[in-house]
Amino acid sequence: MTAVERYTYLCTGCPLGCRLEVDAVEGDIIEIRGFECAKGKRYARDEHTDPRRPVSTTVAISGGALPRLPVRTADAVPKDVVPQVAVALRDVRVRAPVRRGDVVLTDVLGTGIDVIASRGMVALD
Amino acid sequence: MISRHLRHLQPHYDVLVVGSGPAGLAAAIGARETGAQRVLIVDREREAGGILLQCIHSGFGLHAFKEEITGPEYAERYLERALEADVDVLEDAFVMDVKAEGPPRDPTGNGGRPGRQRVKLMSPTVGVRVVEATSVVLAMGARERTRGAIHIPGDRPAGVLTAGLAQKMVNLHGYLPGRRIVILGSGDIGLIMARRLTLEGCEVAGVFEIMPYVNGLGRNVVQCLQDFDIPLHLSTTVVDIHGHDRVERVTVAPVDDRLEPVMDKAWDIACDTVLLSIGLIPENELSRRLGVRMDPLTNGPIVASTFETSLPGVFAAGNVVHINDLADWVSEQALLAGRSAGQFVTGGLPPDDNIRILPGDNVAQVVPHSVASERIHTVYFRVRKPIYGDTYVKLGDLHRRKVRAAVPAEMITMKVAPRLLRDFHGDALHVHAAPVEQEQAR
Ligand SMILES: Cc1cc2nc3c(=O)[nH]c(=O)nc-3n(C[C@H](O)[C@H](O)[C@H](O)COP(=O)(O)OP(=O)(O)OC[C@H]3O[C@@H](n4cnc5c(N)ncnc54)[C@H](O)[C@@H]3O)c2cc1C
Ligand code: SF4
Chain A
1 MTAVERYTYL
11 CTGCPLGCRL
21 EVDAVEGDII
31 EIRGFECAKG
41 KRYARDEHTD
51 PRRPVSTTVA
61 ISGGALPRLP
71 VRTADAVPKD
81 VVPQVAVALR
91 DVRVRAPVRR
101 GDVVLTDVLG
111 TGIDVIASRG
121 MVALD
Chain B
1 MISRHLRHLQ
11 PHYDVLVVGS
21 GPAGLAAAIG
31 ARETGAQRVL
41 IVDREREAGG
51 ILLQCIHSGF
61 GLHAFKEEIT
71 GPEYAERYLE
81 RALEADVDVL
91 EDAFVMDVKA
101 EGPPRDPTGN
111 GGRPGRQRVK
121 LMSPTVGVRV
131 VEATSVVLAM
141 GARERTRGAI
151 HIPGDRPAGV
161 LTAGLAQKMV
171 NLHGYLPGRR
181 IVILGSGDIG
191 LIMARRLTLE
201 GCEVAGVFEI
211 MPYVNGLGRN
221 VVQCLQDFDI
231 PLHLSTTVVD
241 IHGHDRVERV
251 TVAPVDDRLE
261 PVMDKAWDIA
271 CDTVLLSIGL
281 IPENELSRRL
291 GVRMDPLTNG
301 PIVASTFETS
311 LPGVFAAGNV
321 VHINDLADWV
331 SEQALLAGRS
341 AGQFVTGGLP
351 PDDNIRILPG
361 DNVAQVVPHS
371 VASERIHTVY
381 FRVRKPIYGD
391 TYVKLGDLHR
401 RKVRAAVPAE
411 MITMKVAPRL
421 LRDFHGDALH
431 VHAAPVEQEQ
441 AR
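Chains A and B, in that order, give the protein sequences. Going by this note's numbering, the letters in the first sequence line up with residues 1 to 125, in that order. Going by this note's numbering, the letters in the second sequence line up with residues 1 to 442, in that order.
Mixed in with the good hints, there may be bad ones.
Derived EDC-like pairs (lysine to aspartate or glutamate); straight-line CA-CA distance at most 16 Å [stated by the list, open to error]: (1) B:Lys402 to A:Glu36; (2) B:Lys66 to A:Asp75; (3) B:Lys120 to B:Asp86; (4) A:Lys79 to A:Glu47; (5) A:Lys79 to B:Asp227; (6) A:Lys41 to A:Glu31; (7) A:Lys79 to B:Asp229.
No wet-lab data here; the hints were simulated from the structure.
Can you make the complete structure from the sequences, with help from the hints?
As structure tokens, this is what we get:
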């Protein structure tokens, strides 16, 4: 007999906040419980198999009106690498001018996802 | 951010908007749409965008742009639209006073005669100036509740600040407020800052909420606390703050049913910083001095369905009217407020509302405060206490809609169509929220 592992997730689909339970055997989902609607079931499956999060932070910028430039991942990255993405961006420095959407770091940590500027900043003369 | 510096301030504008957050930007765009020619936005900050500029996390724009973007992106997109629409923006200028001198509006709805609002502003570039405007939109946003609002006893050391101030320090200026953080209150800004500071290498010892439920959105509980194993203590509060020059530790305690701390279960937590995330209050000094009628429930001006205040030609939008959970709702309401301001100028403002809207069972506040039976409206409201499980939100006995849950943290919207109101002959309707079972039992 293989053991059934049980995982729980809090559904963020609506304010009801259903407590979702996922039973899995060797990583394969065998049952999902606790949802009140289809959205919750889908959420539990996604959270269990490939949880992803967008990451936002700031990087150093010189030559602009402010010392920090807000940046974000262009797409959500796997949840486990979120802290490392933030750490990787601590050493990034850019120079004004920057336009919104400019890539400040390509393929962060080999995720295939770029990090882009969340705003523009003109160069001060 | 893109910037186009205003060279010449005109002596008269059709519509003058105070504040350049999502409310001010959308209002200015709306005013141009309905025919206002000269539209000016004034903001005391160096850059337009309001509080959004410091909200660098994703979660904006799901309604307005159908994609998830950050606060600065949301602000910049709206600013671009406003500049494309030839709106003037005056930054770094503080509006000191607004005086309404317009004639009373013709009740048949023909505004049009140039009412005069006199707006006194002060800035390093233009000095102190009085600018006239036919119509004014108040869009000053909100400020955060501070320690004074909740009376925590104990010392007054450095290291106690609001979550929004910490957000500004970290995201705009790159300073950390401290290293080991305790967060009092579970509002969204506090939850967002718990994650933000963790990613910056700080240790967040916990979030303490006096109520038995969270004040922020569920998504933020999962993505800002659970993802980082940050403990959330409900029905628990900070009862004392200790330290001489700097915070050294706090005492926290669970509370009983009457929200009184149970001191024999109290414990101490070492920390150097306490962030307060205990809510926002509309920023209405200007509105009060101007003399618009206020709603004690929202702490904002009473507004008609056009978002006109009690003073003709003076409109209000965004967090200044009531605290919104999403910037998207702010933009939606402000666009309407701005369109109305433009109509006031050109003479097309619809006739006055004929039905008052009031909070009913378990509803804490409602905006707008009145509607007109012949137009389509959206009514925005918040519940007083959370209801988990199927809930009817109702407009009098005319209309009801089922939602899966209703919590104070989330604003609820209800569309009101003319067909619902056609046969209603009263002068007021209450908005209610009640569990479905309770309704069935009646
Ligand atoms: C600290 C904080 C964090 C937030 N985080 C989030 C979030 O993460 N997600 C979310 O959806 N919502 C968030 N909100 C709420 C959201 O940002 C608001 O719903 C939205 O920004 C409100 O828009 P607004 O235009 O009404 O006000 P604001 O964005 O506050 O803009 C008001 C503007 O008016 C200006 N102003 C005020 N008084 C004067 C004066 N006398 N003269 C000149 N200018 C003046 C201010 O400088 C400011 O720029 C947050 C709010 C705050 C306060
Ligand atoms: S499962 Fe459905 S009802 Fe339950 S929280 Fe998720 S979205 Fe809401």
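Checked hints:
no. : hint                : in the structure
1   : B:Lys402 to A:Glu36 : 14 Å, holds
2   : B:Lys66 to A:Asp75  : 15 Å, holds
3   : B:Lys120 to B:Asp86 : 23 Å, violated
4   : A:Lys79 to A:Glu47  : 9 Å, holds
5   : A:Lys79 to B:Asp227 : 8 Å, holds
6   : A:Lys41 to A:Glu31  : 10 Å, holds
7   : A:Lys79 to B:Asp229 : 13 Å, holds
Against the hints set out earlier in the document, a violation occurs for number 3 only.
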